[in-house]
Each structure stands twice: as C-alpha cells, then as structure tokens.
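Chemist: What follows is the residue order along each chain.
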Amino acid sequence: MYCITDEQIEYILNDIRRNGVEMEDLQYNLLDHICCILEQELKETDDFERLYHQTVTRFYKHNLREIEEETINLLTFKNYYGMKKVLITSGCISVAAFVAGSLFKYMYWPGAGILVTLGIGSFSLLFLPLLFIIKAREVKTTSDKAVIAVASVVGILFSLAILFIVMHWPGANVMLFSAIGIAAFILLPAYFFTGIRRPETKLNTIIMSIILVGVIGLQFSIVRLRPSGSQLRIRMDTYAQNEALLKRMQSGFVFGKMASEINATSNDLKALVLQRSIGYTSVPENYADLNIHLNEGNLGTEFDNQGAGVQLLHRLRQSVVAYNASVADHDLHIPLDKTVLQTDDAQAGKMYTNVSFLNSIVQLQMYVAIAETSRTK
Amino acid sequence: MIFSSELIKGTLKTIVLKLLADNNKMYGYEITQKVKELTADRIQLSEGALYPTLHALEEDGLVTTEIEYIGKRVRKYYRLSSDGKTKSDERISELADFMDTMKLLLNIQPKTA
Numbered sequence: 000m001y002c003i004t005d006e007q008i009e010y011i012l013n014d015i016r017r018n019g020v021e022m023e024d025l026q027y028n029l030l031d032h033i034c035c036i037l038e039q040e041l042k043e044t045d046d047f048e049r050l051y052h053q054t055v056t057r058f059y060k061h062n063l064r065e066i067e068e069e070t071i072n073l074l075t076f077k078n079y080y081g082m083k084k085v086l087i088t089s090g091c092i093s094v095a096a097f098v099a100g101s102l103f104k105y106m107y108w109p110g111a112g113i114l115v116t117l118g119i120g121s122f123s124l125l126f127l128p129l130l131f132i133i134k135a136r137e138v139k140t141t142s143d144k145a146v147i148a149v150a151s152v153v154g155i156l157f158s159l160a161i162l163f164i165v166m167h168w169p170g171a172n173v174m175l176f177s178a179i180g181i182a183a184f185i186l187l188p189a190y191f192f193t194g195i196r197r198p199e200t201k202l203n204t205i206i207m208s209i210i211l212v213g214v215i216g217l218q219f220s221i222v223r224l225r226p227s228g229s230q231l232r233i234r235m236d237t238y239a240q241n242e243a244l245l246k247r248m249q250s251g252f253v254f255g256k257m258a259s260e261i262n263a264t265s266n267d268l269k270a271l272v273l274q275r276s277i278g279y280t281s282v283p284e285n286y287a288d289l290n291i292h293l294n295e296g297n298l299g300t301e302f303d304n305q306g307a308g309v310q311l312l313h314r315l316r317q318s319v320v321a322y323n324a325s326v327a328d329h330d331l332h333i334p335l336d337k338t339v340l341q342t343d344d345a346q347a348g349k350m351y352t353n354v355s356f357l358n359s360i361v362q363l364q365m366y367v368a369i370a371e372t373s374r375t376k
Numbered sequence: 000m001i002f003s004s005e006l007i008k009g010t011l012k013t014i015v016l017k018l019l020a021d022n023n024k025m026y027g028y029e030i031t032q033k034v035k036e037l038t039a040d041r042i043q044l045s046e047g048a049l050y051p052t053l054h055a056l057e058e059d060g061l062v063t064t065e066i067e068y069i070g071k072r073v074r075k076y077y078r079l080s081s082d083g084k085t086k087s088d089e090r091i092s093e094l095a096d097f098m099d100t101m102k103l104l105l106n107i108q109p110k111t112a
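Those sequence lines, one after another, are chains W and L. If you use numbering that gives the first Met the number 0, the first sequence closes out at 376, no skipped numbers anywhere. If you use numbering that gives the first Met the number 0, the second sequence closes out at 112, no skipped numbers anywhere.
Note that these hints are calculated values from the structure, not bench results.
Sample of chain L residues facing chain W (criterion: CB under 10 Å; computed from the structure):
| # | residue |
| --- | --- |
| 1 | Y28 |
| 2 | E29 |
| 3 | A48 |
| 4 | L49 |
| 5 | L53 |
| 6 | H54 |
| 7 | A55 |
| 8 | E57 |
| 9 | E58 |
| 10 | I66 |
| 11 | R72 |
| 12 | R74 |
If you want the ones that stay clear, here's a sample from chain W, every Cβ over 10 Å from chain L, calculated:
| # | residue |
| --- | --- |
| 13 | V165 |
| 14 | A183 |
| 15 | I206 |
| 16 | M235 |
Derived DSS-like pairs: lysine-lysine, alpha-carbon spacing no greater than 25 Å straight-line:
| # | chain 1 | residue 1 | chain 2 | residue 2 |
| --- | --- | --- | --- | --- |
| 17 | W | K201 | W | K144 |
| 18 | W | K337 | W | K246 |
| 19 | L | K8 | L | K102 |
| 20 | L | K12 | W | K84 |
| 21 | W | K83 | L | K8 |
| 22 | W | K134 | W | K83 |
| 23 | L | K12 | W | K60 |
| 24 | L | K33 | W | K42 |
| 25 | W | K42 | L | K35 |
| 26 | W | K349 | W | K104 |
| 27 | L | K35 | W | K60 |
| 28 | W | K83 | L | K12 |
| 29 | L | K35 | L | K12 |
| 30 | L | K84 | L | K12 |
| 31 | L | K8 | W | K134 |
| 32 | W | K201 | W | K139 |
| 33 | L | K8 | W | K84 |
| 34 | L | K8 | W | K60 |
| 35 | W | K104 | W | K337 |
| 36 | L | K24 | L | K75 |
| 37 | W | K42 | L | K71 |
| 38 | L | K75 | L | K12 |
| 39 | L | K35 | L | K17 |
| 40 | L | K8 | L | K24 |
A virtual CB, placed ideally from N, CA and C, is assigned to each residue, including glycine.
For reference, chain L alone in the conformation it holds in the complex (with noise of 0.2 Å):
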C-alpha cells in the first residue's frame, strides 16, 4: 500500500530533518531513495512537494546546503545546521505524541503480532 500524499504533506518536513540527521548530507533524489528504501517502497516522495519543502528548510536556516558540481550538472547537497538539529529532535517528539493521540483519538488496537 502506498500511503496518501495528503498523510505525506504534514510529515515531510519531520522525515527530511530525520534523515539528515542521521546520514549527514544529502541530495534530493538520494532522499526520495533513502525514503523508499527504509519503507519498502510504501512512502514514495513526490518531487513536486520534496523541493519545495528543501527550499522553505533552508530559507528557515535549518539546513545549510553545498554544492558539487557533477561534469555540466550541479548536485545541491543538504546538511543539517544546528538550529536544525534541535528542531529535528523537537519535530520527531512532537509527531510521536502525535501518533500516540491519534491512536487514541481513533481508538486504534496494537497490532497483535
């Protein structure tokens, strides 16, 4: 199943400073693989909402960018600046109390294994 993009839009920000935070630098397509990858292919990003939410994070400060320049290409690597770091940290808290209220607003049952 893939998931709503909808689902997707509110989260994007959280799962982008996460994956910076744990793999120190990035470019966009190596984040829509990574995505992919750690959710077998049920969490697919569209570029469309991935860009934007790149741009708006650096224009916050919250990641610093370099740039690598690739024959005529040029590849923008993002990296996470220290107000970043923090606001990942608080962003990831703050969605798993998410998830918690929604369990409960919605009365959903843990799986049983």
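Extracted from the complex, chain W is given alone in its bound form (with noise of 0.2 Å):
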C-alpha cells in the first residue's frame, strides 16, 4: 500500500480549500476520502499529483464547490416543500382577512382592524419574504437574485405603509416614500438592465418596466396628495382658531346650568380625543413652538362598543336635547342632524376622524354660547 506523507496531505487539503470548500468538516472528510483511494490505487512510481487530479475529478460535474453547494442546499431547503406549503397557505389567508377587514371597515363592522393588521401583517412578514427565499432558489445568477431581494423589501415597504396609512400609525409616509424610491432608482433600473440582456425576456422586461413606472407615477401621484407639513398646521391652526373663537364667544356672561352641562361633556369628549390625538387635554397656547401637529386618525378604543368617550357621547346627546326642549325660540335650537350626535346610539361618532370630531364639537358648543347670549340679553 502507498504510503502518503505529510507534504501530500497538506498539498490536497491546500488544493480542497483553493476549490472553495470552506466547510471544515466536509474539507477533512474529502481529504480523508481521497487518501483512501490514493493510498489503494498509487503505486510507489506514480506521479502523486497527476494521480490527485484524475482522483478529485471524479467527484464533481464542473468543479468541488459542488458539494459544498449541495451540503448547504441540503441543510438548508429540507424544508422546500413545507416552505411552498407555509407560502400558499399564508398568502391566501393573508389575502382572505385583507379583504374580509376591508369589508368590515366599510360596513363599520367590529373586528375590521384586527382583520387588516394581520392580513397585511402576515402578506408582508411571512408571505412576502418566503417568497423572496423560494424564487431565490430559483434562479442562478447574483444579479438575478439581487433584484428579487429589492423587490421583496419593496413589497415589505408598500404593503406596510399601507397597513400605517390605514390604522393611522405615524411612520406611514416615510415607508411610502422609502418604497416609492427604492422601486424608481433601484429596483426599475436593476430589473430593466438584467433582462434587456437577454433576447428571451428582453420583451417582458420592456412591458413590465413600462407598468413599474406607471405605477410608481401613480403611486407618487397619491402620495403627492396626501397632506404635507404645511398641511397638518394648516389643520391645527383652524381647530385652534375654532377654540379662539369659541373662547370669545363665551366671554362675559355666565352660562345656565344646562348650558353648563353640555359644555363640561363637550370638553370632556375634546380633552379624551385631544389626549390622544396631541398628548394634551387642551391645545396648548404655544402649540406651534411646540411643534404639534394634529395628524388625522382614528377616535380610539374609547369609541368602541361602551367606551367611555361612547358614554359621554350619548350623555352629550341627552343635555342637547334636554336644553332644546327647554328653548322655545326654533331659531335657537341646538342643531343634531349633520354633527357627531346625528344617531340616537352615538354610533355615528365612530365614521368621523378626530379631526371633524374636534371641529362638530366646538361648532355645537357655537351654538350652545349663542343660544344663551340670545337668551339672557
């Protein structure tokens, strides 16, 4: 039998790690593995190396690192198949309860925020990056590969944005214009230059670009749209003006005890949704050094079934009535239909955002202070 030295052994395992096998474990089993067969097959007048390079040649198609790449394909994808499965079924339920919270948002249904957060939640977090890992796999080429990954985290953004926009979570725009941005100035010209290569996909490279920049254009059309910073103080600044004005109105005279009560609940119901919406009970006088902004959202858990901002709503409901009962001029009557107490059940207080909520509520405590300046003149 052929005895191998020392020199020889680190000549094979040089050349294992030079093919690009770089798991240790797999470097000394090959290593082990070529010197049993060396050590059956050379004759002492062989030529070693000669010998080596016809032995390791067996093991591989096109070079070593094949089996490396084969290991960790192993190790790795055991679970393909449970993966495609996780995949289908996340994206169709993901799907279901998008659509499904759509619905219920629409009809006012209970439920509808819950349904969408996990719809989108799940399309962008499970959905949307096994995707990314099964087509991975799927081609071969880096660059290939590349543009998937970008498109994945586009897809993560925008349908996350979306998720913020929709339940009124800050951040919404900055992911929105992040998404928009990646998928102009990366992925588009990343996506076009690997296919245009290729005379097989250079035609839906060239229609799938156009629809990109569609869409894009569209989406930054919308984005365009949305309130900018001038915007949101353009929206405190009139709610503030409406407090100013209220303020002054009720100025030097001293309110009936009706008039009173439904004061005290309106500001009750303002200082609940000002607390969330700003952080203060009331619009502080300073509010635009101190830089706050009245972002449009939703009314908050107090609003749901028998919350209490639902409580105060029916209470304010019952004082308006009760004081226009008490009011025998018409003209002064406080007005319900097209304000936040238009429905017996106080639901309709749920459809308005804080912002028209805010602004229905001073508006009636208007009326409220005209009425009794008419009354006690």
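The two chains are supplied separately, each in an independent frame; assemble them into the complex guided by the hints.
Modeler: Here it is, written out as structure tokens:
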C-alpha cells in the first residue's frame, strides 16, 4: 500500500480549500476519502499530483465546490416543500383577512382593524419573505437574486406603508416614500438592465418596466395628494382658531345650568380625543412652538362598544335634546343633524376622524354660546 | 450495468442508514467501498452525493459522529443514533413497499431462475 506523506496531505488539503470548499467538516471528509483512494490505487512509481487530480475530478461535474453547495442546499432547504405549503397557505389567509377586514371597515363592523392588521402583517412579514427565499432559490445568477431581494423589500415596505396609512399609525409616509424611491431608483434600473440583456426576456422586461413606471407614477401622485407639513399645520391652526373663537363667544356672561352641562361634557369629549391625538387634554397656547400637529386619525378604543367616549356622547346627546326642549325659540335650537350626535345610539361619532370630531364638538359649543347670549339679553 | 445516479438519489439516505445499522460505525470511503462490494460494483456512490447526505443526516440527528486522528488526517466516523435506528427501519419498509408498487405499476414479472 502506498504511504501518503504529510506534505502530500497538506497539498491535497490546500487544493480542496483553494477550490472553494469552506466547511471544515467537509474538507476533512474529502481529504480522508481522497487519501483512502490514493492509498489503494497509487504505486510507488506513480506521479502523485497527476493521479490526485485524476481522482478528484471524479467527485464533481464542474468544480469541487458543487459538493459544498449541495450540502448547504440539503441543510437549508430540507423543508423546501413545507415552505411552499406555508407560502400558499399564508398568502391565501393574508389576502382573505385583508379583504374581509376592508369590508368590515367599510361596514363599520367590529374587528376590522384586527383583520386588516393580521392580513397585511402576515402578507408582508410572512408571505413576501418566504416568496423571496423560494424565488431566490429558483434563479441562478447573483444579479437575478439581487433584483428579487430589492423587489421583496419594496413589496414589504409598500404593504406595511398601506397598513400604517389605514391604521393611522405614524411613519406611514416615510415608508411609502422609501418604497417608491427604492422602486424607482434601484429596482427599476436593476430589473431593466438584467432583463434586457437576454433575448428571451427582452420583450417581457420592457413591458414590465413600463407597467412598473406607471405604477410608481400613480403611487407618487397619490402620495403628493396626501397632506404635507403645511397641511398638517393648517389643520391644527383651523381647530385652534375655532377654539379661540369659541372662547371669545363664551366670555362675559354666565351660562345656565343646562348649557354648562353641555359645555362640560363637550370639554370632556374633546379632552379624550385630544389626549390621544396630541398628548394634551387641550390645545396649548404655544402649540406651534411645541411643534404639535393634528394628525388625522381614528377616535381610538374609547369609542368602541361601551367605552368612555360612547358614554360621553350619549350624555351629550341627552343634554342637547333636553336643552332644545327647554328653549322655545326654534332658531336657537342646537342642531343634531349633520353633527357627531346625528344618531340616537351615538354610533355616528365613530365615522368621524379625530379632526372632524373635534370641529363638530366645538361648533356645537358655539351654537350653545349663541343661544345662551340671545336668551340672557 | 451501473445504475444511473438519478435512480440512486432517492434511495441514498436509506442505503446509508441501512449500512450504518448493520456496521456499527463507518467512514465515508468505507461506505462507498461497502456498497460497491455488496452490489458487485453495480452501485457506485458518488462522493458528490454521499457527503452532502451524510451532513444532512447529521443535521437531522439521525447519525452521531466521532473523529479519529490518523497522522495529519482526520477521519470522521458515522454511527446511527436511536432516532436513526427507527428512521432506518421506517425508510427500509417504505422503500420495500415502493418497490412492490413499482413492480405492479410497471408490470414487472418476477425473473424466472
């Protein structure tokens, strides 16, 4: 039997490493295997290096690294078929939950928020990442993998941005802009230039790129229509002006008992909504310096079912109805129609955003102020 | 006749598990030689398929390993774990069923001696 020297072992190990096998386990497995074969087949007079290379070429089709790649594939993707199942299931459930959630939201049924959050959440954080892993495995080149990676990031950012917009969570615009920016300046060029080079994908690449440009353009125009910083400031100013106007109307005389009650309940309601919207129970004098903005959003859980907000709305409506009954002059009646108090069950309030809600309440207080001024004259 | 690698691919894990079940501990080269010997050279396991499979079996906890130093070389022995023993029996009976089914499907008559 041929005896392999330490130098030859070193030579083989170096060659294995140089050929891109990085897993130490695998290096030693291959080394021992090659040594065993050589010990069996080599004769003292043979050329070691030539026979070694002849032996090692039997191990692979193109290069030695194949063995390591196959190993990694087996270790990483042993659950490949399981992953495909999870992909399809999660995709179906996400989309179903999202569609159902949108319908619920439209119908003002309870549970809409949870369904939409679950739907878009699992779509962007389970379905899309899985899709990326599986798709990236199907393509061969690094550039194709990179395009798929960027596309996945855009998809995840975009769907999360939609979720944040729907749920009125902060940061939605930043996400949407990032998604559109990455799509326009990274994804589109990368996709276009990798696809256009291959004759078989050329036409599809051009068509898909045109569609992509169109979608990005449409999205951008929607974003542009969303309120900018100045719009946010104007919204806050308008409401603050309404409050200032009310204060002027209320000054200089004492309200009756019923009117005071309406005012107190109104202030409680506004405090509830303001606390959630700006973190204060009333608008601070120096709101502009404090950089406080009135982000348009929903009313929050206090206005669900029998929450504190709903109960306050009930009480306000009763007080207003009682007040109107006590005022003989119809022209001084406080209108209920087209306000947050339009329905008996206080459910209409839920349809209002925080901004419209605050304005509706402050207007109601102005009506009371005018009615009281006229009565006490 | 040497069987194609495609035919062997689906049964490689079963072959390795069975060999380890019968031979206590083995190293890679030994496995290829044993298969050659048992099949009279008709099945020659390729190194490119054997080692990835051995690593996958180790990752799945079906085999345990021990290292032996031979001078500058390191020899890795594979041994069936208790999970591996159960799995080996399962896979062999599954393969036997599969072969019966294939006989039916392909209408293969038993060879007459």
